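Chemist: Residues per chain, in single letters:
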Amino acid sequence: MRFIINSCFFLILTLNLASSGLWAQQNAELTYANAAKQTEEQAIAATYYINEYPLKKDQFFNDWALGTVYFTNGKKASRVRLRYNGWKDEMLWLRETDFKTGQIIKGTINKVILNNSGFSDSLVFIRYVDSSTFQKQQILLQEIARGYVSVYCHRKVVLVKGSDKFVQKHQYYLQIGENTPTKFNRHKKTLISGFSAEQQEQVRQTLKHNKTRLKTDAGLAKAIHFINQSF
Amino acid sequence: MKILFFPVRPIAAFFLLMFFCKLLFAETPPAEKVWVHLNKKVLITGTLLKYKVYLTTNQPLGNKKTVIYFELVNNKNQTCLSWKSQATDKGLAGAYQIPENLTPGIYIFKVFTNSSRKNSYATKLLIQDIASDPITNFTKIKDYRLFDASTAEKKFLQFCIDNDSIQQTTSVKIESIAEINLPLLTVSITEITPFDSMLATPVLIAETNQPPEQYVPERDFTLLAGKVCDTMGYPIKNQTVYASLSSNWVHFCYTNTDSLGRFWFVFDSTYNNRQVLIQAEPAKNQTAVLSLDKKSINLVQSETDTLPANTAQINYTLALQKRELVHRIFTPLNQLKPSEKADSTKENFFYRPRYTIYPNEYELLNNFVEIANNIIPTLRFKKTNNSYELGIVLDNQQVYYNQVLVCLNGHPFFNLNVIAELSSKNIERIDVFNAITLWGEKTYNGILAVYTKKVDVTFENFNPAFAVFDNSFYEPLFLTANQNDSTSPLVLPDIYWNDGVSLTQNKPFEIKLNKIDLGKNYRLRITGIRNDTFIDEQFLLELN
Numbered sequence: 001m002r003f004i005i006n007s008c009f010f011l012i013l014t015l016n017l018a019s020s021g022l023w024a025q026q027n028a029e030l031t032y033a034n035a036a037k038q039t040e041e042q043a044i045a046a047t048y049y050i051n052e053y054p055l056k057k058d059q060f061f062n063d064w065a066l067g068t069v070y071f072t073n074g075k076k077a078s079r080v081r082l083r084y085n086g087w088k089d090e091m092l093w094l095r096e097t098d099f100k101t102g103q104i105i106k107g108t109i110n111k112v113i114l115n116n117s118g119f120s121d122s123l124v125f126i127r128y129v130d131s132s133t134f135q136k137q138q139i140l141l142q143e144i145a146r147g148y149v150s151v152y153c154h155r156k157v158v159l160v161k162g163s164d165k166f167v168q169k170h171q172y173y174l175q176i177g178e179n180t181p182t183k184f185n186r187h188k189k190t191l192i193s194g195f196s197a198e199q200q201e202q203v204r205q206t207l208k209h210n211k212t213r214l215k216t217d218a219g220l221a222k223a224i225h226f227i228n229q230s231f
Numbered sequence: 232m233k234i235l236f237f238p239v240r241p242i243a244a245f246f247l248l249m250f251f252c253k254l255l256f257a258e259t260p261p262a263e264k265v266w267v268h269l270n271k272k273v274l275i276t277g278t279l280l281k282y283k284v285y286l287t288t289n290q291p292l293g294n295k296k297t298v299i300y301f302e303l304v305n306n307k308n309q310t311c312l313s314w315k316s317q318a319t320d321k322g323l324a325g326a327y328q329i330p331e332n333l334t335p336g337i338y339i340f341k342v343f344t345n346s347s348r349k350n351s352y353a354t355k356l357l358i359q360d361i362a363s364d365p366i367t368n369f370t371k372i373k374d375y376r377l378f379d380a381s382t383a384e385k386k387f388l389q390f391c392i393d394n395d396s397i398q399q400t401t402s403v404k405i406e407s408i409a410e411i412n413l414p415l416l417t418v419s420i421t422e423i424t425p426f427d428s429m430l431a432t433p434v435l436i437a438e439t440n441q442p443p444e445q446y447v448p449e450r451d452f453t454l455l456a457g458k459v460c461d462t463m464g465y466p467i468k469n470q471t472v473y474a475s476l477s478s479n480w481v482h483f484c485y486t487n488t489d490s491l492g493r494f495w496f497v498f499d500s501t502y503n504n505r506q507v508l509i510q511a512e513p514a515k516n517q518t519a520v521l522s523l524d525k526k527s528i529n530l531v532q533s534e535t536d537t538l539p540a541n542t543a544q545i546n547y548t549l550a551l552q553k554r555e556l557v558h559r560i561f562t563p564l565n566q567l568k569p570s571e572k573a574d575s576t577k578e579n580f581f582y583r584p585r586y587t588i589y590p591n592e593y594e595l596l597n598n599f600v601e602i603a604n605n606i607i608p609t610l611r612f613k614k615t616n617n618s619y620e621l622g623i624v625l626d627n628q629q630v631y632y633n634q635v636l637v638c639l640n641g642h643p644f645f646n647l648n649v650i651a652e653l654s655s656k657n658i659e660r661i662d663v664f665n666a667i668t669l670w671g672e673k674t675y676n677g678i679l680a681v682y683t684k685k686v687d688v689t690f691e692n693f694n695p696a697f698a699v700f701d702n703s704f705y706e707p708l709f710l711t712a713n714q715n716d717s718t719s720p721l722v723l724p725d726i727y728w729n730d731g732v733s734l735t736q737n738k739p740f741e742i743k744l745n746k747i748d749l750g751k752n753y754r755l756r757i758t759g760i761r762n763d764t765f766i767d768e769q770f771l772l773e774l775n
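Heads up: the protein sequence lines correspond to chains A and B, in order. Using the working numbering, the letters of the first sequence correspond one by one to residues 1 to 231. Using the working numbering, the letters of the second sequence correspond one by one to residues 232 to 775.
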């Protein structure tokens with residue numbers, strides 16, 4: 001009996017090993033899947049960056065963080081080290097093979113997502129073409145809340161004249177529906193006035209019901225979340 | 232001993248269970264079968280062969296795509312044309328332009344997938360070359376009637392033919408008798424040609440032992456592999472290999488060879504239907520030999536049968552040629568070229584150049600040294616020791632002579648002697664990027680992109696180690712017959728062909744026939760997949 005069981009066991013083991021050869025086709029499929037992934041990826045094109053104030057970290061919004069860059073042609077560059085420079089409004093890329101830094105060419109990117117950047121959530125930056133100024137300019141905006149109503153923030157940092165001190169000058173943008181984003185100062189009145197007359201009362205009631213502070217990013221995101229839910 | 236053998240039974244039982252589970256749930260290889268509906272079987276060179284491919288498989292494809300291979304084989308069993316495209320669950324609709332230089336004759340048209348290679352769909356096609364006859368006495372109106380209506384009633388379809396004498400059109404209504412779950416169908420009305428008897432004989436596919444490596448299975452990309460060796464045949468490792476396209480912007484990708492000198496590229500749809508130049512960056516005192524894996528089959532000029540045609544057949548071909556001419560007049564050929572679509576998706580990864588110079592706007596300059604010294608800012612071009620050097624001035628006012636990338640018509644270019652001979656007559660545009668640019672793992676101190684007018688710069692001028700890869704991955708670009716658009720005149724050489732007809736019980740499908748009639752008998756053909764089985768219904772129409 002023992003002999004039969006033992007021989008059965010070895011037979012099954014051999015058959016299992018032999019059948020594993022059938023997986024070769026699946027492995028081949030995996031190779032093509034990898035190749036498909038490779039087509040989605042694109043190397044980053046950047047111009048060389050020279051830090052004018054190497055000792056001042058205030059110009060940067062975050063420390064080097066791993067992130068993904070989404071290009072305008074639908075491709076992406078994943079697991080790249082990125083950092084946002086608020087002074088020059090540029091996304092910096094650290095090439096880890098030789099630790100050279102480049103400014104990603106803004107016109108080629110759609111969106112940048114930064115993970116583990118020291119913030120609770122991942123940071124999402126989008127490229128926005130501001131045509132309100134005399135010359136059209138491309139700026140990178142951080143996404144605070146997204147939906148029918150979206151709020152973005154331009155993490156601007158300015159250099160105080162006559163000194164080498166950086167101060168924050170963040171500018172918030174409000175976008176309702178498909179309209180172009182407009183600047184807003186995080187006051188309830190301004191937020192409500194952005195909506196149409198029929199919607200204003202509804203927004204007022206939502207803000208009243210859910211007491212949230214608009215002056216903090218988390219509070220603002222929460223408020224916009226409630227407003228989006230009410231529509 | 233008992234203790235030793237104690238765990239053997241449950242383990243054996245477990246493995247036995249696993250084995251039977253595996254047998255039970257093992258994925259059987261997909262049994263694929265290909266069915267094809269063509270717009271016509273008699274074609275003129277330079278015109279479109281429209282097709283709809285139906286794929287029956289025992290596994291739902293879902294979002295997965297299957298590559299369909301098309302081959303045009305002559306009587307000597309030589310493949311004269313081959314292309315491929317991707318099909319989804321719904322099949323594939325596409326068109327292929329028959330090249331002008333294809334030898335006229337009878338060809339076998341084969342369609343297959345990788346798994347149905349030996350069991351491919353095959354039919355005969357007659358390809359004629361075009362004559363430039365004037366178009367005269369072209370249109371007249373005739374009435375149609377369905378002369379095998381009794382057969383039609385037995386099927387699941389019903390027909391009704393109306394003749395509108397005011398509008399001067401004839402309409403054929405096709406209605407489904409029972410409510411059936413029909414996916415998209417293809418409907419066509421073609422003439423019964425004098426060549427029908429020649430084309431009607433069944434095609435027998437001889438089982439060929441084609442090596443499977445001849446085609447690389449593809450999804451929505453092309454895999455290209457190759458090898459770089461030195462003149463002695465030893466592999467060169469860490470050699471940069473570039474793949475680039477000829478265009479009016481810079482577009483290339485690169486890779487490095489492994490320890491065995493191998494490299495591989497994954498091309499996306501940007502590279503489809505394009506000639507891709509593969510070149511190894513020349514290293515000092517080393518000659519590289521580049522070889523590619525064989526993949527695509529180019530057009531083979533070969534002898535085919537001469538056709539002993541009778542008068543009726545010759546007359547028919549002439550009339551067909553006239554119709555094709557009318558079709559060409561109304562449909563500009565540039566709309567039919569699939570490469571147009573591929574062009575619109577390009578992006579220059581260097582984005583915007585700092586300077587763009589058009590040498591035509593200046594006085595004539597005889598060589599590139601004069602051009603660089605006079606009209607291009609930030610560029611230094613000089614001759615030292617019988618070789619040219621290109622330098623670029625950066626923002627810090629320093630001149631960099633190393634790591635300056637020169638591109639000619641979009642390709643990376645390493646032979647500065649050819650650039651030096653270009654005069655302002657030859658050059659259309661010069662783009663200068665004078666900034667240190669990081670591109671993946673590469674660093675360039677500056678980029679100079681020169682775009683020539685028509686000048687004889689052959690691929691041999693580029694690099695001793697080069698190969699040209701013809702990525703003939705066909706992107707279907709099918710022009711549907713837009714009957715509602717009254718602004719553009721539409722001539723349907725095959726009377727009617729629609730690749731996407733949805734048919735339900737309450738909504739009959741109607742075809743309005745135009746006044747292009749030559750022959751007497753016509754064939755109405757409806758093809759599709761109904762309840763997972765392929766249907767191919769044919770009805771005859773006769774002109775009164």
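For the record, the hints were derived by calculation from the structure and aren't laboratory data. Hints are not guaranteed to be accurate.
Some chain B residues near chain A, calculated using beta-carbon distances under 8 Å [what the hints assert, rightly or not]: (1) Tyr582; (2) Ala666; (3) Thr668; (4) Leu669; (5) Ile757.
Since this is a predicted model, take the numbers as computed values, not measurements. Glycine included, C-beta positions come from ideal geometry on N, C-alpha and C.
Chemist: Interface hint check: B/Leu669, Cβ to nearest Cβ on chain A, cutoff 8 Å. Holds or violated?
Modeler: Holds, about 4 Å.
Chemist: Should the interface hint for B/Ile757 be scored as holding, given a Cβ-Cβ cut-off of 8 Å against chain A?
Modeler: Constraint on B/Ile757 not satisfied, violated at 36 Å.
Chemist: Once the shortest beta carbon distance from B/Thr668 to chain A is found, is it less than 8 Å?
Modeler: 6 Å, holds
Chemist: Does the CB of B/Tyr582 sit less than 8 Å away from some CB of chain A?
Modeler: Constraint on B/Tyr582 satisfied, holds at 5 Å.
Chemist: Report holds or violated for the interface hint on B/Ala666, using the least CB-CB distance to chain A and a cut-off of 8 Å.
Modeler: Status holds, d = 5 Å.
Checked against the numbered hints given earlier, this structure breaks only hint 5.
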